[in-house]
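J.: Below are the chains, spelled out letter by letter.
4 protein chains.
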Amino acid sequence: MAKKSDFLKTQIEHFDITKHNTVEMIEAMSKMSFSARDLARASDIFDRMVSDKDCSIVLCLAGSLLSAGLKRVVYDLVRHNMVDAIVSTGANIVDQDFFEALGFKHYQGTKWVDDHEMRDCRIDRIYDTFISEDDLAVSDATVSRIAGTLKPRPYSSREFIEEMGKHLVKKCKVNDSIILECFKKKVPIFVPAFSDCSAGFGFLHHQWHNPDEHVSIDSAKDFRELTHLCMRAKETGILMIGGGVPKNFAQDAAVGPEMIGRDCRMHKYAIQITVADERDGALSGSTLREACSWGKVDTVYEQMVFSEATMSFPLLAAYAYHKKNWKKRKGFRWSEMLNDPKVKEPKALI
Amino acid sequence: MAKKSDFLKTQIEHFDITKHNTVEMIEAMSKMSFSARDLARASDIFDRMVSDKDCSIVLCLAGSLLSAGLKRVVYDLVRHNMVDAIVSTGANIVDQDFFEALGFKHYQGTKWVDDHEMRDCRIDRIYDTFISEDDLAVSDATVSRIAGTLKPRPYSSREFIEEMGKHLVKKCKVNDSIILECFKKKVPIFVPAFSDCSAGFGFLHHQWHNPDEHVSIDSAKDFRELTHLCMRAKETGILMIGGGVPKNFAQDAAVGPEMIGRDCRMHKYAIQITVADERDGALSGSTLREACSWGKVDTVYEQMVFSEATMSFPLLAAYAYHKKNWKKRKGFRWSEMLNDPKVKEPKALI
Amino acid sequence: MAKKSDFLKTQIEHFDITKHNTVEMIEAMSKMSFSARDLARASDIFDRMVSDKDCSIVLCLAGSLLSAGLKRVVYDLVRHNMVDAIVSTGANIVDQDFFEALGFKHYQGTKWVDDHEMRDCRIDRIYDTFISEDDLAVSDATVSRIAGTLKPRPYSSREFIEEMGKHLVKKCKVNDSIILECFKKKVPIFVPAFSDCSAGFGFLHHQWHNPDEHVSIDSAKDFRELTHLCMRAKETGILMIGGGVPKNFAQDAAVGPEMIGRDCRMHKYAIQITVADERDGALSGSTLREACSWGKVDTVYEQMVFSEATMSFPLLAAYAYHKKNWKKRKGFRWSEMLNDPKVKEPKALI
Amino acid sequence: MAKKSDFLKTQIEHFDITKHNTVEMIEAMSKMSFSARDLARASDIFDRMVSDKDCSIVLCLAGSLLSAGLKRVVYDLVRHNMVDAIVSTGANIVDQDFFEALGFKHYQGTKWVDDHEMRDCRIDRIYDTFISEDDLAVSDATVSRIAGTLKPRPYSSREFIEEMGKHLVKKCKVNDSIILECFKKKVPIFVPAFSDCSAGFGFLHHQWHNPDEHVSIDSAKDFRELTHLCMRAKETGILMIGGGVPKNFAQDAAVGPEMIGRDCRMHKYAIQITVADERDGALSGSTLREACSWGKVDTVYEQMVFSEATMSFPLLAAYAYHKKNWKKRKGFRWSEMLNDPKVKEPKALI
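Residue numbers (our numbering), protein chains in the order written: chain A, 1 to 350; chain B, 1001 to 1350; chain C, 2001 to 2350; chain D, 3001 to 3350.
Hints may be right or wrong, so weigh each one.
Unchecked claim - Below, in silico cross-link-like pairs of lysine-lysine (DSS-like), each with a Cα-Cα straight-line distance of 27 Å or less:
| # | chain 1 | residue 1 | chain 2 | residue 2 |
| --- | --- | --- | --- | --- |
| 1 | D | K3019 | A | K19 |
| 2 | D | K3324 | A | K19 |
| 3 | C | K2151 | D | K3151 |
| 4 | A | K105 | A | K31 |
| 5 | B | K1031 | A | K344 |
| 6 | B | K1031 | C | K2019 |
| 7 | D | K3151 | C | K2344 |
Hint data in this document are derived by calculation from the structure and do not stem from the laboratory.
Here the structure is a predicted model, which is why all the values come from computation and not from measurement.
Whole structure, please, built from the sequences with the hints as guidance.
T.: See the structure below:
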């Protein structure tokens, strides 16, 4: 019978955009049609975001992206000041980035397996990728331990993830952790559905053991913080990989100010890479033009790219990296603003 | 120039499963191939869930379902004891069900419009459906008002939605509100990403005005409650319309007990209706067999149906309704258990 | 080891639209959104085609439809004068309809099999459907035998399929053969890629044995005949199930007259049921509005339905059947015109 | 009002694989997951085909590929002996390659247009690409003229396309025509549904004017020729871009010999790039494992890549080009064999 070690042999290695200059290739694609041209236009828009000194860039992550070899792409974007805030599903941030920061790995697998056999080996499958369930349990438990060290009160996911970053300052076993790099560069990470991942298991453990006084995760605070950030930014652009809650949440933040009688400003730039179809009416595949009807996204610089992300996101990110316009750019260090008790939220007018 | 009223003319009307007996049609489909046979098998599995007295049925809702005319389908399932808990995106529960309960409507629209013109008319577009943005603002504000009446503390979304149900006891203007029916029948509704919808705007307003003492939404508590529910249930089955956070969240609850050293029990039945593709590796389209590797779903009674929901969910629900096995079934009234201070969570063993 | 007979147990049974009245259900769907409303609108357009006495209805079939239980749907449409011409892939007409007419069956299978094992058992798999390869070989050989009885010359696929119909007058073992019913009702069937199926194997055998004098299949003649038909018809409507060659071919026929300097008339009605995506730029998923730029399809009565066909085509066809407007309708018997040596093609003006 | 020239401004330019070395990028992708890894594996398999001196490579083309900027990719593969036969839809070969060879162009467009306006301007739209309908009419007419110069008899599409190549020897206005390069290198091009494109219009004109004696297109002969080719080849590999008739036809050729009692040999290598979904049961999205049940494709070296082709085909082709294994390879010049009256088809044994 197959053993666990038979399945966990070849580690996933992350794509390194600094080593692959795609500028000429993307320029050649700009003269084609269909997705190639769409990708080229999206790459150009992303480069415009990076070149626009007033623009804060919000990166949205949905889907199992980081386990698929895209972690270092995001890490490099953060390190080179090309991302000012992240909105993500929990799986990417906790089960995948934090998990690897603790020293665990993702492995090349295949979908042609018997999932009962996987179950017996305690291997979890993500399409064609394998991980050890026992490794993941360590990640869960670490979240619980971090929660146990904090003062019991409601936290935004952003605040809690900063605590995870603090934890990694000493404990990180890799050199490409997104959480740690964001912590250092004061790039806030929001996970609006934070219990929907390994963190949820950690909090379950924490709260079960501390039924009366415990850390809680206030997703309303997340929305308040991101709205506040969007109000302070002069311009905003969103680069969305996948759809789901991150897409919705980041778009909503553009219209949040209306609730308190303040002026709204649409996201000036918007890109989405997705294979979701608009025809089921769900948000994940809804066009960015539809978002315009909601006042969320302007349509001058918007582009959707019909592609699974592993193939296109590295090309787009490498394009912007090798165009070097990030060199003129500083980070906005939004976490500092959000953590600063002296910075008050603008007064509500209604 | 077009006026708002030009676009808001024909109201969406909800499909009524009690009027359409699909039993023979589904049985005919069971002898075909492809999606028709898959739908027939899923319908049979749902009927088995309903017939299994030990099984608590968790309905997951993602995508703009209720605005599309599926509200009454869910309402009828709840009313006839065919649903014991709901896990949903916020849009379905707040922007759509609560919104209509306040007396507002969704309208038949089209995707062939200029979204800038929509914006000017303050009409929000959901693919081919229109709503008035001003109506939606009333919904947002009502959430804020409800929050203002509550004792400041962290709430699970489930607890807060019960307060919305309480509000509707007096204020509901329709006879098919899911929130109100669930409130009456003690069917808990979980929205793990609760700030990701109209409710988020309400909380934004509430917290902005009450920066120090306010209601917060603890998504970790949601996960704790659903895990607790799954532990108390003898068997569980999940009927998933769409994927996203609800799919992940409801599946995770099956393995939550492991975190506290308790035995887990896979969901005995699992159905998903979705057009999401498994090939992008994201959870929404991942097969239920993949979920088996994670210990979440058993594979004896699992069925995915490749279909946009408006076409297939009514047929499946009508099948189970007209098979009448729900008549032998009582509700589990799980909200009562969750609200009862005497019912303690089972002791954590690790 | 598994034997062939283990896999070929449960026969596919065809959906019978005469037994399922979907009129009220479709009317209820017309008040919803997304695909349900699209299906309802498509059903209404199809009923308009049937009610329009001037309209010749061209049914296009691509995808493994008839093996999936849709054969009788098509048969009933032909029998009740709701189809005046068929354009199809070869698989549907030869491998599936002709195959069943010879007494063979399709079987319920599953995609969860080892295809090497299937190969060893000489079972061919169509997603979740099984057939016996030996049965299919008889179908191939019968085509060769029919070819051997004909005068060697180029035939349109339409002419050859009539010969298959003639063969079935005596040999047909079922009561729902499309080829036979079309033969009786003089409904022409065009298969523009006729060698791309079981017929291709038959012709391979025929021509290999008769290298000098043999039947050949002239696809150009097919196009000429269909263009001629469209010119003679007062109005045309196309009901497309799937895309591919049939969609392209039937649309092209609307602009064919331009080549000989004659006026063209766009298809007045057009419906397509497909899950193909427009974003890959291929014809199968291209919108009917795009077809308007080519002068092929008018946009007043056009509707695409995003659905796998087994679930939606029976509902649409049953709607039109039970609306009974076909009762006022006679067939156009276009094969008679095409076979009549006295009917000349209109003179070419350029 | 918009004029035609407003829409036809920026020409599509074709991707040049010789200028973009993707070897390191593809190698980096081989260590990731999902489509990136699939693309890397497919690229490796294609390089194996090229390195295998016994292997004849059949390239299948479906979808509007050449108009989208992929023409030069195919041209370069032919020129460097990496393709031994092509099976294609007619649009690619006639409406796009032949069309450009006559000096006409494709233009960058957009899908955000009014197709009625396009119609009025006589511009045909292919998703986001525009062409002049009048230019296309010249292409149609040229096919008719070529037909008029030939001896009236049935031709395989392959034979007729060679005549188009002969025409281009003198008339070609570009340096990257696939038809011309294939003519020079004796690479056969098969278009099994040859009337389903601009050629169909040309034949319509030709036959209409010559009702009694004319060129006809025998698709059965195409199948016979490709089967013959596959029997003469020691090994075969198929590189499929898109699905449709070319996929089916090229796969069928592997089992064609069975019809005449000869041994069959599965395609040793098989790659497909497509976004088609397997769940509708149609052939375009059917897995290559399903093809194994039919005896068409071996499963050792098979890989599907879930991607729209403009983004992935250039990367795959550039990988194999820059690996340089084609340098050791000569062309098989299969057209010479097919044209040689001395080469007889192997004797039929049944």
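J.: If a hint holds in the structure, say so; if it does not, say that too.
T.: Cross-check of the supplied hints:
1. D:K3019 with A:K19: holds (18 Å)
2. D:K3324 with A:K19: Answer holds: K3324 (chain D) to K19 (chain A) is near 22 Å, not above 27 Å.
3. C:K2151 with D:K3151: holds (21 Å)
4. A:K105 with A:K31: violated (39 Å)
5. B:K1031 with A:K344: violated (65 Å)
6. B:K1031 with C:K2019: holds (15 Å)
7. D:K3151 with C:K2344: Holds: K3151 (chain D) and K2344 (chain C) sit about 24 Å apart, inside 27 Å.
In summary, the numbered hints that this structure violates are 4, 5.
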